[in-house]
Amino acid sequence: MKTLLQRNIRDRIMESLLVLSTIVVLLPLIIILVHVVVNGISALNWDFFTQELGSPSRALQGRPTGLVHTILGTLVVDFLALFLAVPIGFGAGIMLSEFPDHKLNPTLRVMNDTLNGMPAILKGLLAFVLIVKPMGTFSGLAGAVALAFVMIPIIARTTESALMSIPWSIREAGLAIGLPRWRVVLSTVMPAARFGLVTGTLIAFARAAGEAAPLLFTSFGNNYLPNHWLGMLLGPVDTLPQRLYSLAISPYSHWHSMGWAAAIVLLVFVIVCFGTARYLTRQKH
Amino acid sequence: MIRMKPALTAALIAILAVSCGGNGDSPGEQRRDRVDILGAGATFPAPLITAMADEYRDLTRNRVTVNYQSIGSGGGIRQFIEQTVMFGMSEAFLSDEVMNNVEQATGGRAFNMPITLADVVPTYNVPGVGSGLVFSGELLVEIFMGDITRWNHARISELNPDVDLPNLPLTVVHRSDGSGTTNVWTSYLSRVSDRWRERVGFATSVNWPTGIGGNGNEGVAGAVQNTTGAIGYNSFAYALLNNMSYGSVINAAGNIIEPSFEATTEAANIELPDDTRILFTNTPAEYGYPIAGFAWMLIYENLDANRAISNRREAKELINFLVWSITEGQELSELLGFARLPEAAVEKSIQMIRQLKWNGELIGQQVLDEQDLLSSVPRPENYL
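Protein chains in written order, with the working numbering: chain A, -9 to 275; chain B, 14 to 397.
Calculated from the structure, these hints are not laboratory results. All figures in this text were calculated on a predicted structure; none of them were measured in a lab. Note that beta-carbon positions come from the ideal geometry of N, C-alpha and C, so glycine has one too.
List of simulated lysine-lysine pairs, BS3-like, C-alpha gap at most 30 Å:
{"hint": "1", "chain 1": "B", "residue 1": "329", "chain 2": "A", "residue 2": "123"}
{"hint": "2", "chain 1": "B", "residue 1": "370", "chain 2": "A", "residue 2": "123"}
{"hint": "3", "chain 1": "B", "residue 1": "370", "chain 2": "B", "residue 2": "329"}
A few chain B residues that don't get close to chain A, going by computed Cβ distances all over 10 Å:
{"hint": "4", "residue": "163"}
{"hint": "5", "residue": "165"}
{"hint": "6", "residue": "168"}
{"hint": "7", "residue": "184"}
{"hint": "8", "residue": "211"}
{"hint": "9", "residue": "263"}
{"hint": "10", "residue": "269"}
{"hint": "11", "residue": "284"}
{"hint": "12", "residue": "300"}
{"hint": "13", "residue": "333"}
{"hint": "14", "residue": "360"}
{"hint": "15", "residue": "381"}
Same shape as in the complex, but just chain A (with noise of 0.2 Å):
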């Protein structure tokens, strides 16, 4: 029989080896960010979101040197692959959680692991054979179809289970009303769980965001804005995490502290990308 106090003395260990492993796992994140802004507040400055990067030269004899053609690279690379993801990864979630007896739901499911699991470069590959190839052409479309292949598999498992926990007795309300089965998921079902989906949503896109291996053959890079505005997507275009990676490989010092801010730049982004999405789908009161 144990005493009160062996039982409290167990719930305090219990206790803190919880707040233990949440500090490891915080820890590394802070490192991180601490890290990233002490190397890189240096460099972001005024032509730092102007300037096109242009030879290092410039960074060499002080002349002026940015990525804005970066950020507004990414920022159009992202957001079209997002614009291409969310569809499908919806739809094929929509299909494993509503349409639980359909018989292609295993395969689905399991090529959908599959695809997740897959390492990123490989996709990268796949968008390189089916756009790059035929257009002839790096660009900013194949760099999104890549990203777009990271993002559809987590949004379509988030939606799976954002859907399944949306009690079926909703589902049931809905049809019972007379609604078809789709307008039922749609207008139901979805605003129900878009907590759930947007989240989802989001982490897909952070993930996709920070990815530099599938725009390496892709997206391929460019040190200026393109000369005409359809050159972000049907020309090479650049992206902040393949430019953060060229940069920190690069063999001069300057180039390493605007990869430092390329990576506050980054971070900003998804952190911003995120308060968006958590302010328009914040709950009614």
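Could you slot chain B onto chain A? The hints should help.
Below, chain B without anything else, positioned relative to chain A:
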């Protein structure tokens, strides 16, 4: 879900509109004439090519943008073959097999046009010893074979009688990634030593008998600078940029050659084949620096056969840039740590440009004729 859609859509449209609006910084009527040129390949010449691109963009008042991405020589050859870039760049010339494949696929040749020179110098970190240690090819082979393990070894001091070499362990540093720098370096070692050729050979990456690996020029430089008694090899530009100590090398004619832009240019001043596919490490040139090679621009003879080039105007602007880069553009070389192309190489390149075609039309010749008429091309200003 439906309720929040307009807000999200509006945000998306706003972001896209902003990003598109930000593209133009010059009058709209010029925009239609604008051309984007895409090239990719070797990392080593990237500082030069991108500086040329900067300069050329200023010269053409933003009309021609040359986007060069450094993805390595291997990547440059690969994307050239895949026809996703308008020109490739490599520190190794195309093999006969690739040349034949291109000829079968496009009905025209693949040209290897020298664009600049790659020179590799031995770099080291020996306390109290600055630049200028003298090495011979045989000595470098013995060091990189692992035969010599201390800096005060007789073989080193006999070439450097005036230098007080410490009794320090010698650590070899080499590249761990595939690289054109390694190709030039090992090609030299193979040419001066049968033993090296048979045991190790030369390639963009080899099976090193000894030493520690560093990733990229910066990896080798870092390892050399952080390891007392280390010796590695770096491109000359890189050694200069990072204030590394580098050695002089005795060339085939028996002269001690201190690395310099002139000595590198001199090394290439030899009898060149018409396709310029030649390795001239251990150059016969009397005052040439022996560990140097070309970096080549790769381009299709039939430009229309390259799927990356979509129209005649792009092809012409590409040729304009090529001509500029091997003539006026060379002015940028020294400031960025590169040696200029020798006259002989420029001539061979011009001969190749003459043969460039667009649907059978000799537009390379046309461009050369037009440039002769407008020979007063503005000179670079930013780099003085």
